[in-house]
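**Student:** Order-wise, the sequence lines are chains R and H. Under our numbering, the residue at position 124 of the first sequence is numbered 124, and the numbers go up by one with no gaps. Under our numbering, the residue at position 103 of the second sequence is numbered 103, and the numbers go up by one with no gaps.
In case anyone wonders, no lab produced these hints; they're calculated from the structure. There could be a bad hint or two in this list.
[Stated by the list, open to error] Pairwise CB distance ranges (calculated): (1) R:N53 to H:P152: 47 to 57 Å; (2) H:T304 to R:N53: 20 to 30 Å; (3) R:A129 to H:K312: 47 to 57 Å; (4) H:R242 to R:K5: 21 to 31 Å.
Each residue gets a CB set at the ideal place from its N, CA and C atoms; glycine is no exception.
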Amino acid sequence: MRPWKVEFEEFVRARSHALLRYGLVLTGSADDAADLVQEALLKLNSSWRRVRNKDDPEGYVRTIMARQHVSWWRRRRREHLTPEVPSPVHQDEHELGEIWQRLRALPARQRAVLVLRYYEDLADEEIAARLGISQVTVRSQASRALATLRVRTMHSRGGGDDI
Amino acid sequence: MTSEEKLAQALRTIADRAENQDVLPGMMAKRRCRVRRRVRGTLAAVCVAALGWGMLVVWPAPPTVDTAVPGGNAVERVWPQAVFTMSGRSRPLAAISATEVLLWAERGTLEVYDAASKRSRTVAALPQAPRYLAVDRERVLWLADGHAWIAPLRASGQARKVGPIAGENVDRIALAGQDIVWSAPLDGVWRMRIDGGAPERVAKSKGLQLVEWPWAADEPLEVHANPARVVNLQTGRTIKIRPASGVEGLRCGPTWCTGKRGEDSIVQRSDGSWNQVHQGLRGYPYRDRFFTGSGEIYDARTETTVTFEGAKLGTSGGRQWSAGSGVIFWTQGGGVRVVNLAAVPQP
Numbered sequence: 001m002r003p004w005k006v007e008f009e010e011f012v013r014a015r016s017h018a019l020l021r022y023g024l025v026l027t028g029s030a031d032d033a034a035d036l037v038q039e040a041l042l043k044l045n046s047s048w049r050r051v052r053n054k055d056d057p058e059g060y061v062r063t064i065m066a067r068q069h070v071s072w073w074r075r076r077r078r079e080h081l082t083p084e085v086p087s088p089v090h091q092d093e094h095e096l097g098e099i100w101q102r103l104r105a106l107p108a109r110q111r112a113v114l115v116l117r118y119y120e121d122l123a124d125e126e127i128a129a130r131l132g133i134s135q136v137t138v139r140s141q142a143s144r145a146l147a148t149l150r151v152r153t154m155h156s157r158g159g160g161d162d163i
Numbered sequence: 001m002t003s004e005e006k007l008a009q010a011l012r013t014i015a016d017r018a019e020n021q022d023v024l025p026g027m028m029a030k031r032r033c034r035v036r037r038r039v040r041g042t043l044a045a046v047c048v049a050a051l052g053w054g055m056l057v058v059w060p061a062p063p064t065v066d067t068a069v070p071g072g073n074a075v076e077r078v079w080p081q082a083v084f085t086m087s088g089r090s091r092p093l094a095a096i097s098a099t100e101v102l103l104w105a106e107r108g109t110l111e112v113y114d115a116a117s118k119r120s121r122t123v124a125a126l127p128q129a130p131r132y133l134a135v136d137r138e139r140v141l142w143l144a145d146g147h148a149w150i151a152p153l154r155a156s157g158q159a160r161k162v163g164p165i166a167g168e169n170v171d172r173i174a175l176a177g178q179d180i181v182w183s184a185p186l187d188g189v190w191r192m193r194i195d196g197g198a199p200e201r202v203a204k205s206k207g208l209q210l211v212e213w214p215w216a217a218d219e220p221l222e223v224h225a226n227p228a229r230v231v232n233l234q235t236g237r238t239i240k241i242r243p244a245s246g247v248e249g250l251r252c253g254p255t256w257c258t259g260k261r262g263e264d265s266i267v268q269r270s271d272g273s274w275n276q277v278h279q280g281l282r283g284y285p286y287r288d289r290f291f292t293g294s295g296e297i298y299d300a301r302t303e304t305t306v307t308f309e310g311a312k313l314g315t316s317g318g319r320q321w322s323a324g325s326g327v328i329f330w331t332q333g334g335g336v337r338v339v340n341l342a343a344v345p346q347p
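Whenever a hint applies, use it, and build me the whole structure from the sequences.
**Tutor:** Okay, structure coming up:
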């Protein structure tokens, strides 16, 4: 048995749940999350011997997932695929349900920017590197997404009630 | 308007609801499809169809149980007393008795749920679900903040801190009468009285990892290597592991093991006298008897395979489910469907 294969499988078993969690908030669907994780791991597998020597193979996978998700979303939008997916939100969780519904409705890149900023807790510079876009684009995408979600940012102290 | 904190909290809440699943079979199925597609120029649709059957048994040599084909062996039919549905805001952590499971409720509490009365009672409130825990019929034990915590399941009473539990890599704990026991990879099994005191290594446990008290094994760090022995730390009885031909990565209780031969999952007796292909089954047996895999539970003692077909299919064709100690569960119809293996009678 080749050691690198062992290492790879250990990595997958140790980190797959965390990647599925990330995939769910990125895609909005458990099935799409699993699909995305498998796709990203397939790419990681083919370059494992190179990537394992770097500090952060998980960061590599998460980068692939974010970019792949945006790419799939563009393709699927062209195919007009709008599948109904089971919601992870319970019926009586009105506030959470509303936020989630609006998040799911965002274009993939805007949603990815929000996930990277508020779930992954990355700085704009890191988000730009992960998505392969400029920091200016990160900020503009985040701004549009937050406006769509009607999210009050830390910088604007304007009034208004919570959703 | 909402706030950034609420958005971050919403994302974390949703992420917490992602169920774990074995993604390797789906990944391998995708790879096989792409290789075939490159070789034969096959249509993508063929691969999509094949992914759904990626778990089918193909190893021809030993007796084979085709575990991927749905049949009349649904868990609801074979073990009806072991299946129940509970609130979608909870997830079971461990089987306690034939009717009771320990669960984690989203409001941040450990609770005992009785499937017969459909009622639960709170055991402890915690900031997060414990990662490592053990139960017996009277107590629950978990690790947090470098200590063990123990709480009564039936009588009222506060959780009590015991320890500290030394070692950063402790990943197995158990209740053993008036002792708590724990182990970390290659570090042997340690014990401490439940009312505190100095930790001491359990005799003849050097290099062993807990399997299910009082059994421990010399589990290798390398996932494809095989252990050589399983030891009863109370009696000293030692069982030598004899891997079936070509099987690697064995994980064994005293009687049964699972391992891999190529891409096939194998269930074998620890002494090597019997083996069979059961696709998708991995890990240690629960109560030296039950193995769980892709949409099925295998009872090695009675050679019974049951399926849980209510769990939805993932994109790889496998069922999406999670497991705790003696409990297997999945979301179904807004609730959580649970199989409590402690409710399956002894043969």
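**Student:** If any of the earlier hints don't hold here, list their numbers in rising order.
**Tutor:** Violated hints (numbers, rising): 2 and 3; every other hint is consistent with the structure.
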